[in-house]
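Produce the complete structure using the sequences and hints provided.
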Amino acid sequence: MADVALRKVVKRYDDVEAVRGIDLDIADHEFIVLVGPSGCGKSTTLRMIAGLEDITDGDIMIGGDVVNDVPPKDRDIAMVFQNYALYPHMTVAENMSFGLRLKHYPKAEIKARVTEAARLLDITDLIDRKPKQLSGGQRQRVAMGRAIVRNPKVFLFDEPLSNLDAKLRVQMRIEIKKVHQKVRTTTVYVTHDQVEAMTLADRVVVMNKGRIEQIGTPNELYHKPATRFVAGFIGSPAMNFIPCRLEDNGGKLNIRITDRISFALPPSRAARYNTLPRTDKLLLGIRPEHISESHAHLEPGVETFDTVLDVTEPMGMETLVYFGLEGAPVCGRVNPNAGAQDGAPMRLAMDLNNMHLLNEATGIVL
Amino acid sequence: MSTLAIDKSGPTRKVKLGSMSRDRTWALRWSYFFLVLFAIFFLTPPLYMLITSLKSSAEISAATNPWWVFHPTLSNYVELLTSNQFLRFFWNSSMVAIMVVIVTMLISVPAAFALARMKFWGSATLATGVFLTYLIPDSLLFIPLFKMLATVQEWTGITLLNRWYVLLFIYPTLTVPFCTWIMIGYFASIPKELDEAALIDGASWLQTLTRIFIPVALPGLIAATIFAFTVSWAQFLYPLVFTTSVDQLVLPVGIITSLIKGDVFNWGQIMTGALLGAAPPLIIYAFLMDYYIAGLTAGATKG
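Protein chains in written order, with this note's numbering: chain A, 1 to 366; chain B, 1 to 303.
Bear in mind the hints are in silico, worked out from the structure with no lab data behind them. By construction, the Cβ of each residue, glycine as well, lies at the ideal position given by its N, Cα and C atoms. There's no promise every hint is true.
Stated by the list, open to error - If the Cβ cut is set under 10 angstroms, some of the chain A residues that face chain B in the computed set are: (1) Arg75; (2) Gln82; (3) His89; (4) Leu100; (5) Arg150.
Unchecked claim - Label-pair ranges, simulated between beta-carbon atoms: (6) B/Lys147 to A/Val10: 52 to 62 angstroms; (7) A/Lys178 to B/Leu282: 57 to 67 angstroms; (8) B/Asp290 to A/Arg119: 37 to 47 angstroms; (9) A/Gly136 to B/Arg163: 31 to 41 angstroms.
Claimed, not checked - Straight-line Cα separation of at most 30 angstroms, DSSO-like style, residue types lysine-lysine; simulated pairs: (10) A/Lys103 to B/Lys119; (11) A/Lys8 to A/Lys153; (12) A/Lys103 to B/Lys192; (13) A/Lys73 to B/Lys119; (14) B/Lys119 to A/Lys167; (15) B/Lys119 to A/Lys8; (16) B/Lys192 to A/Lys111; (17) B/Lys192 to A/Lys209; (18) B/Lys192 to A/Lys73; (19) B/Lys192 to A/Lys132; (20) B/Lys119 to A/Lys209; (21) A/Lys177 to B/Lys147; (22) A/Lys130 to B/Lys147; (23) A/Lys8 to B/Lys192; (24) B/Lys192 to A/Lys153.
As structure tokens, then:
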């Protein structure tokens, strides 16, 4: 068990900079998820921690020691790959014990560790099978077992659930969380799935174009995104961004969206945004769950407006409604009984207490 | 009304629908036709050899139907299998083939692993270069090779020419490039994550090769082994050039030189020798055919 630190880590392939100087401190026992779209440098970062990629510049430390030039086998890490990477000619037990056998552990200890890991992962019955005879979920368990028996300082997961079907993915996600609660090994987990990131992580690192956009707990990222990228990446359906500007209206601060639609900001928000220049091009960031059907008793800060729906998507527990505002596509979530229909007019309510305001040019949340 | 009339008088077009089962039947018929044709073409010579080997010299030279044995005899077999000379050829061939296979594998497998996995400067060019050397025909190489070995013999004083073991240096020039090429293809089809997993598990390059790559690539390895064995067993030009004494000859050359005396062809024994000589590769193929095909088609489908 150990902490991991990245200091100005850069990875350059010929003329492409995949990772552009990232700083990251991962505490002992922490579960960190690196998330971002493909090509954002998250896998490269993980592989640099593993030692599978050289680092071009900067330092990587595991347990306080700089490991830049330490080969993977001496870093005391274990990695779980997307395609499992099980040795096809070995049984489950042999797969799990391969690392220990190479290090000449006593046979009794190897057996004890394998048995313990198999019990933890509920694969005791499969121990003598070959990978070919296992299902995707079972293979993934074996891959995790191979990591656990080594009892390493750090677990590295490279999109471990991407090859599984949706149902199994949810199940394995919970398994991974359970395992981490039991073994408490420092974990770095890479995924492009923001739901996985939110559900698993102690802290999430959102990466984009080789840089870290924001680091924070899942709730921080959801409620206080720092940039448009993070605001749009975390949450599903994604946050709406509607062009708008601020205007003064008899001592009050309004937000104008269209010629027709202008809302008075709630006092707390008005105070925060009061100093902004009124000429700035801004974006109103609002999550779909904060746009719902209007009803009689609205709380302060919730403003109504009329629109015509383009498309509706009944999801069962809610209905997603899509419409346009100032050319921007907007999604809202309404009660399935609210009577939303394709092409029909509807009165909706926007909860401005949960709004975000972004600078359109810089993408920074104000 | 009028349009209706036109419609009715219009030509009724009969759409000819294809039938999948009929298409399949015809495909099978053609396949069998050509298979039978090729089988006849390729199996006739061995059949003729078998027929001839069962005849006495008198019957061969008599003007009877060459496709029938009137007085079958095993005398050719008995004579060859009790002849020290023939057994010597057989022994030489076996030694050469087995040792060439070992030498080839010891060179090809690590070479292929390095070329497929350890990305170093020029590795891709080198991999292509290995294959290109295979394309140079042995009929071009035997004179320079002879000169080279003669020079080596002169300098070191070790007798190489006219010794069966000289072939251990010569044959790998044929087998190593092709086997390396097969193994590169096979190793390349093994997912990169597998060696990365081994690397993280603490395996060295050599351990990754011996404990992961060789077992996983076993079908490819067997294909390469069969190839190397067949090439060494059937090679004719090099042993003809490099060995001359009767006790140093391998089977293909030995049969020709010892059973053709001047203009006298001992056809019965020549055919018997050829058939017996073809037996070992045939037996190996029969046992390892499935592996051989799997090895040669590796990479075509991701298994």
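Hint check results:
The interface hint given for A/Arg75 is met, as the beta carbon of that residue sits about 8 angstroms from the closest beta carbon of chain B, less than 10 angstroms. Using the Cβ-Cβ criterion of 10 angstroms, the hint placing A/Gln82 at the interface with chain B is satisfied: the shortest such distance is roughly 8 angstroms. Hint on A/His89 holds. Least Cβ distance to chain B is approximately 4 angstroms, under the 10 angstroms limit. The interface hint given for A/Leu100 is met, as the beta carbon of that residue sits about 9 angstroms from the closest beta carbon of chain B, less than 10 angstroms.
Taking 10 angstroms as the C-beta cut-off, the interface hint given for A/Arg150 holds, the closest approach to chain B being about 8 angstroms. Evaluation of the 52 to 62 angstroms hint for B/Lys147 and A/Val10 yields a pass: the beta carbon distance comes to about 56 angstroms. The hint said 57 to 67 angstroms for the Cβ distance between A/Lys178 and B/Leu282, and at roughly 59 angstroms that hint holds. For the hinted restraint 37 to 47 angstroms between B/Asp290 and A/Arg119, the CB-CB distance of approximately 39 angstroms keeps it satisfied.
In this structure, A/Gly136 and B/Arg163 break the distance hint of 31 to 41 angstroms, their C-beta atoms being roughly 58 angstroms apart. Between A/Lys103 and B/Lys119, the direct Cα distance comes to roughly 26 angstroms. Compliance with the 30 angstroms bound is thereby established for this hinted pair. A distance of roughly 22 angstroms separates the Cα atoms of A/Lys8 and A/Lys153; the hinted pair therefore holds under the 30 angstroms criterion. Taking the CA atoms of A/Lys103 and B/Lys192, the gap is about 23 angstroms. The hint holds against a cut of 30 angstroms.
A C-alpha spacing of about 19 angstroms is found between A/Lys73 and B/Lys119, which places the hinted pair at or below 30 angstroms, so the restraint holds. Taking the CA atoms of B/Lys119 and A/Lys167, the gap is near 39 angstroms; set against the 30 angstroms cutoff, the hint is violated. Annotation: proposed proximity of B/Lys119 to A/Lys8 holds, straight-line Cα distance about 27 angstroms (limit 30 angstroms). Straight-line distance between C-alpha atoms of B/Lys192 and A/Lys111 comes to about 28 angstroms, which keeps the hinted pair within the 30 angstroms bound.
Of the supplied pair hints, the one linking B/Lys192 and A/Lys209 holds, its CA atoms being roughly 25 angstroms apart against a limit of 30 angstroms. Of the pairs offered as hints, the one joining B/Lys192 and A/Lys73 holds, with about 16 angstroms between alpha carbons and a cut-off of 30 angstroms not exceeded. Between B/Lys192 and A/Lys132 the alpha-carbon distance is near 18 angstroms, which keeps this suggested pair within the 30 angstroms criterion. For the given pair, B/Lys119 sits about 27 angstroms from A/Lys209 by alpha-carbon distance, which is consistent with the 30 angstroms threshold.
Pair hint A/Lys177 plus B/Lys147 does not hold up; C-alpha atoms about 71 angstroms apart against a cutoff of 30 angstroms. Distance check on the hinted pair: A/Lys130 and B/Lys147 sit about 54 angstroms apart at the alpha-carbon level, beyond 30 angstroms; violated. Between A/Lys8 and B/Lys192 the CA atoms are separated by roughly 28 angstroms; this keeps the pair inside 30 angstroms, and the hint holds. With a C-alpha separation of about 24 angstroms, the suggested pair B/Lys192 and A/Lys153 falls inside the 30 angstroms cut-off, and the hint holds.
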